Amino acid sequence: MTHTISLRENLVRNKFNALKLYFLIGLCLTGFFLLTDEVLAIDTIEDFDSYPVNTFLDIGTGDWLDVSNPLKVLDSRFYSSPHSAYLNWGLGFRASGLDVSASNSQNMGFNIYVEECPIGSPFFISFNEDSNYIGSFQSVEIVDDECEIKGMKSGGYETLGSVPFDTWLTWVFQQSEIESLPYVRYSLNGGFDYSDWLPMYSGVVRDIETFWIQSNANNELWVDNITTGLPVCEIGSCNLCEVYGTCVEAGCNWFYSIYLQQSYCVEPYETDPEECGSFFKCPFCLTQTPCELELGCEWVDRGLGDKCYMTEATIPPIQEEWEVPDLEDCGALSGVEKWLCEIKNDFLGVFMPSQAKVSALYQTIGAFKEKFPFNYVDSMKVFFTDISDSIDEEKPIPIKILGQEANVSFEFWEEETTIGGVGETFKNVLFDFTTIVVLVGFFVWLVSLIKRFF
Amino acid sequence: MSVADIILSLIIWIFQKLILPILPTNLPALSFVSFNALLEGSLKHNLIYSFAGLNEILNIKLVFILMGSIVFAEIIMWLVKAGFFLVKLIRG
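First to last, the sequence lines map onto chains A and B.
Numbering-wise, the numbering used here puts 76 at position 76 of the first sequence, and it's gapless, one number per residue.
Just so we're on the same page, the numbering used here is the position in the second sequence counted from 1, plus 1000.
Treat the hints as calculated values from the structure; they're not laboratory data.
Owing to the predicted nature of the structure, the values given are computational and were not obtained by experimental measurement.
Treat the hints with caution; some may be incorrect.
With a straight-line Cα cutoff of 25 Å, these simulated DSS-like cross-link-like pairs (lysine-lysine) come out [claimed, not checked]:
no.	chain 1	residue 1	chain 2	residue 2
1	A	Lys371	A	Lys400
2	B	Lys1044	A	Lys371
3	B	Lys1088	A	Lys369
4	A	Lys381	B	Lys1017
Which bits of chain B does chain A cover? Going by a derived footprint, with three or more residues having C-beta under 8 Å, they are [claimed, not checked]:
no.	stretch
5	1011-1018
6	1021-1034
7	1060-1071
Glycine included, every Cβ here is placed at the ideal spot set by N, Cα and C.
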């Protein structure tokens, strides 16, 4: 009887433990999915059919981020116009108050969501209509397993980048600050890694009054977060300043990243005002005299008036980003080999990261290495490497004896002697000897360190 | 989206939300720009000038590596001792 009760108790206990285990697993899975949802959050898809034609979008309608410049839905049905009659549909907005002219560097941006990369040249963006038509650009094409972004350049459409399926694309348009021409550019996924400036079709400076998202195919496509008045090059958004001049004019600091090996604009940080010095400190010299007294500085006009610059700004080559290796091409195979190859590719594809994610990781680690203490350590490493690489091994040592000037002759370095039957130059013997002395010194210090520790 | 993408998203999120915001770029006592300028500006060129010619008889690279190791180890040692001191202080 006791044995039976004991078995039953064990059974109940086991069931209770299993229940606890299931609860724990469920909790973990819920947490994982909540976290995954947080990490990979996608906004609600906008339903444009809910917006009546010729109405303005107001606060509280949908999930628009910014309505400071009300946007007007011109048409949410199939679109046709004289210059794009072949289109199946289009979505147009009148951006009242939006002025992207040469005298005004306002900008705008919006998200586009593609569920599946359409084949061909499925949709593009155009500005204005009819006589005020400025131009159109951007196209998405399916190439292999990735959506390729193409942009109009002087030589025609060129591939500017690629994004995976099922991703929000954030495109931001700005007036070029390099040239006062109607240029536009874009960045993907809200990043600040902008594309090249793309010239408008007409090359004529006109205000952008409307923009259209158009398609010549029935593609699944949503648009969201249309916004104007995005941050421009100013304190608080210094990363939008792309050239030295505008960066400094905006009150931001021009920074050189050792890790990324490129210069960019950062938010202003506290610097010592009296720090006029050599090389990297040249920009702190405000007048000509202290500038020219410093090593490696020159007082010149590089298009922004006379300022103090480094004499030889050596810009190292840009470090290439990490690239995801391609999967094996199974096209040339046949039969079982092709089958196995495709299975292998499918399996590897599950664990193969996308280029966008790898690039994002690269940028994140780059930002991490810009933080203390890694930036200081990197600077030290560069410092020591430069010293060991730059030391002039053949520099003569001048001497002056009784008014006679000469250089020390080091010919005796090359004199050979025999040690243990092996011929060695005096230089090598001395070099080895000093190396041993240094190592012995280091060993003594190491022993003292261990003693101090224990 | 592959498994690797999800893992990378998680890593990126951890870095961007938890690690990067709390790590400083500059030390209050010596900003990175000043530190870099000190090394790259006067110190490096003075050392290069001073050590010119010595590399034939002295392994300068080894000396620098050992010096760097000593500085690093001494700092770690100091931090460990400071930690022990704090522990003793708290425990009375």
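Going through the hints against the structure:
1. A:Lys371 / A:Lys400: 50 Å, violated
2. B:Lys1044 / A:Lys371: 23 Å, holds
3. B:Lys1088 / A:Lys369: Since the Cα atoms of B:Lys1088 and A:Lys369 sit roughly 34 Å apart, the hinted pair is violated (cutoff 25 Å).
4. A:Lys381 / B:Lys1017: 28 Å, violated
5. 1011-1018: holds (count 5)
6. 1021-1034: holds (count 9)
7. 1060-1071: holds (count 10)
Hint compliance for this structure: hints 1, 3 and 4 are broken, all remaining hints hold.
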